[in-house]
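First to last, the sequence lines map onto chains E and X. Position 447 of the first sequence, counting from 1, maps to 447 under the working numbering, and the rest follow consecutively. Position 70 of the second sequence, counting from 1, maps to 70 under the working numbering, and the rest follow consecutively.
Keep in mind the hints are simulated off the structure, nothing from the lab.
Identical chains blur together in the list; that is why a pair holds if it fits in one copy or across any two.
In the DSBU-like style, the derived pairs of lysine-lysine whose C-alpha atoms are separated by at most 35 Å in a straight line are:
hint, residue 1, residue 2
1, Lys518, Lys450
2, Lys546, Lys505
3, Lys590, Lys544
4, Lys505, Lys450
The primary structure of each chain is shown beneath.
Protein chains: 2
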Amino acid sequence: MSSTPPSRSFGTVGVVRTHVVRLELPPGGYVLDNGARLTEIDVAYETYGRRSASDDNVVFVCHALSGSAHAAGQHEPADPAEPAWWDEMIGPGRGIDTSHYHVICANILGGCKGTTGPASAAPDTGKPYGSRFPDLTVGDVVGVHRLLLLQLGIRRLAAVVGGSFGGMQVLEWAIRFPGMVARCIIIASCAGLTAQALAFDIVGRKAIQFDPDWQNGDYYGTGKAPVKGLSLARKVGHITYLSREIMAEKFGRERWTAEDVTPGTADGESRVNKFQVQTYLEHQGEKFTQRFDANSYLKITRAMDEYDAAARHGSLEAACARIEAKVLVVAASSDWLFPPEQSTEITNAMVRAGKAVSYCLLTAPYGHDAFLVDVEHLPDVIRAFLPWVERPSTVVPGEQHASDAAAPAVLDSEDRREYQIITRMVRPGSRVLDLGCGSGTLLTMLAREKQTRGVGVEIDVRQVIDVIERGHEVLQADIDGGLAMIPDGSYDYAILSETLQVVRKPRLVLGEMLRVAKEGIVSFPNFANWRHRASLWLTGRMPKNKGLPFEWYDTPNIHLFTYEDFVELCRVDGIRILDVEFLTDDLVGKALVGLGAGNLGANSVLVRVTRDGREGGA
Amino acid sequence: MSSTPPSRSFGTVGVVRTHVVRLELPPGGYVLDNGARLTEIDVAYETYGRRSASDDNVVFVCHALSGSAHAAGQHEPADPAEPAWWDEMIGPGRGIDTSHYHVICANILGGCKGTTGPASAAPDTGKPYGSRFPDLTVGDVVGVHRLLLLQLGIRRLAAVVGGSFGGMQVLEWAIRFPGMVARCIIIASCAGLTAQALAFDIVGRKAIQFDPDWQNGDYYGTGKAPVKGLSLARKVGHITYLSREIMAEKFGRERWTAEDVTPGTADGESRVNKFQVQTYLEHQGEKFTQRFDANSYLKITRAMDEYDAAARHGSLEAACARIEAKVLVVAASSDWLFPPEQSTEITNAMVRAGKAVSYCLLTAPYGHDAFLVDVEHLPDVIRAFLPWVERPSTVVPGEQHASDAAAPAVLDSEDRREYQIITRMVRPGSRVLDLGCGSGTLLTMLAREKQTRGVGVEIDVRQVIDVIERGHEVLQADIDGGLAMIPDGSYDYAILSETLQVVRKPRLVLGEMLRVAKEGIVSFPNFANWRHRASLWLTGRMPKNKGLPFEWYDTPNIHLFTYEDFVELCRVDGIRILDVEFLTDDLVGKALVGLGAGNLGANSVLVRVTRDGREGGA
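Work out the full structure: start from the sequences and follow the hints.
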């Protein structure tokens, strides 16, 4: 599944036009979070894909700091200074598939791309607001977009999607207008900037404010603008958007030589011997001053800095408790401006609030820019999370996905037998955590046959995408890192299938399982199986057979143990064994198990356990 | 050993005075690397500790970007704007122990702390150089310091020590003047900035140059100076000096409240509601403009950016081939401006050039600032590397250290027996790599009894410090990460004592051993020992006894195998076993080994191996 790579050709949503609409505001105007009022607001927006008759296919895309409504397609005439900023993601067959969805992207309040901002004419004077433009919040930005959508007759969104500052808007959408959003995708974002990110913004703004041409914000019509300050701010920004690794790869310590530049041109000559990273920054800085307004930069970065999703509600968990949407949080491994820890912070708050959330960590060297450039799995994970038609926002046990039919699980007979036993052990309608869930086959089986609500934990991103596509929640994580994000007693069952022997700290994992779930269901290879014993006893070699198929030097099974060893650990740690199934694949083993010698006969063992003192039966 | 923490009281080197000396230059002046000449150079320096009669105890300390000659002690009258920048490291009993060493620190060329720089009067005009001051290189800086030392009658340095930009100077000292330096300590530094670090410097300089008060560098005497630009540059710098983690811890998203500030003061009121990180940056920026010259900042950061130790010699390895000093490279784990990879780059070049180098990675949350603030192990590692008196710079096999007598190795009888067998196997005078060398006991035994030149690899920093103190080279590294830094055939023997079973990829480690060394000496527990076999066979439990003392769930032995398994891997991988010693600790085992049943009798096994096709006998 998710096997078709997105097309790389441009312009598949065709030629688009930016619309500008004047909002119908209530009398007295639009009241901002800080109490200021705007009596006139224009909003620039674009749409891609056909809107369904029932309005159930609308996806709203939130742009980042320097974006615009022009997310996809081509303008006519084409404007090279303003290319579509997410063209690779939006289009037929792409991550946000315009064959199915009606996509809307609008410029934000305070911006300079058609929506009202500091450079717009104030209605009272007819002259640009300049220093009079009020301070904004992320909530103000989202509120204006909501008014736009209502004016367009849209009362519910199939999804809201955005990265970076756009992701903050998505989070605020979900918290502020919970009834209006079915699904949210928050990419490379956070619930509040780190001190380091704040610091870079503070420096960037200071660079603009130090520029004498800024004139305290009232530079419009003076023939001067703080281009030096704005270009400095943008240079700082661009350093933070790339990872150290990608900067090393793109530029290293390379310099321009006379052969690299056009001879005889002043621009060319001036580059010779400069570091390539210098001319890159200069180019980015200069380009930005031609297409962006310094006051917008100040207002938007202030709103970004001030954003703290937790603040209004006491804690991020309390804020997330308001959310009704299914949420997908995506982080990029090398993003140091909005680092993955901040995405897991949102994820963990959602988990603690008992909300539906999936988390996916994409391995990408690009830094924060990852969400805008070609990341291997980003379109796939978005496509997997966005079903073709809107479904109810609450999780439906056993929700049927197209992909289930398209790619039926291929199980070998032993896995199937084990899954059947587990399915038998689990009570209908219970909450299940599958640790090391693979592509979600067991979760799907449990959902179908026992109507469970299942959450998976899995480290492999391709499997994570499969689990999402099957409609389950999944957290991309290394089980060995612990389950700290999950509150005590969140699940009826935690399942650990053939995994205990590969983790680094099996005792810790077992303890964590029984902290987050009332019962654990664990299967593991039994090293005391008669064939393993005989192999070691008779040949003096480590056993290698169907049950333990690896060579000693490349086995993932780094903690070998027997059923009796497991029983002893349970005794020591106060764990009660409620059920045991001895699994065998040979006649001798079956006979031994039949004679009560499970530890000798079993090839692998499946147990259901609970903490001593807890009731049996989830 | 290394157990005494450095004293935390200040001023232990007492009251010091900065001397300023005019260099005696050759006719025509001092020729810089770019061909420019300076006909008059003053150098400011300080000294701490008594100079020995034979001048064999001189340690030269190189300061970083914004440092000065005032590295330790107190000035009288005290100048709060210029506190001693490394007072915690230099003093009696401290990392650089002034009870034994005569320490010299001098302000760098181009600086603004007493040594000739852009603000100094040019001899031809009597007015400040300003824009006329030439561009500098790190080599120019080091060359001027060398002239100072020669003028002071010092022809050889026991050590040169420095961090950050100071570390670049240390590296250049070792490359440019190899005969003059016995030991080098390069801390949190590099052989050339990363593209990211270049980018930050480029932005910082641009901030100064954009400031109208900079006046193209000729601002002296105009009553104006580019303080806004310089403060911006310093703010950017300070962000890069701290790690994201420490910024989060120090500032987070905290703001000043009315309770935090002095009421009624304009400064106090202005801070209310500001992020604490903002006032921190503002304070750092402002403070810096009061004590530093913008033109010096431009010249020094240019020299830093342009530094590329490899450039003059074709490669870093070729540059390192010139070095005669013993080198210690120290990195800080959370330093992202001069990241640990850059320290290992220097280390690896030294290894490839066959030079004496040790590498130590300090775990510290402080970021690049780690080397200036209180880092747990930095004084210890420096003290361990700096013997009390200068020794020859070449490695003397079996070099005796005070610490060897002070802390004789405590070995249990089995380790001792194993080490004795290994020592017997090793040919006199050979080169030995001890993988997982612990505190260097075996290396010391081999050096004493077989006059080997030994290098250790060890992951634990306290053990690394012990190995350094014993006078061996050591590389702090995880063996599982591979031995990529070591060229083929660098050693006669690679030793892996009781470690193969704890690494994640034993086959890879074995292969790497026999790539970097002609022979490998490997010891490991034998899982086929009769007691282990009997335990599993009879009790159905994993063996736990003296040879395998851990519970299955917390054992570090993640790859159990038998002697016969090892033999089979050798057969598959083309490894020849030259010697086998079966070690036992019981009578049954001894009897079995005596009967030729080594795989049944041996508790552990020690083998000497080589690649098939190679001659036996290193």
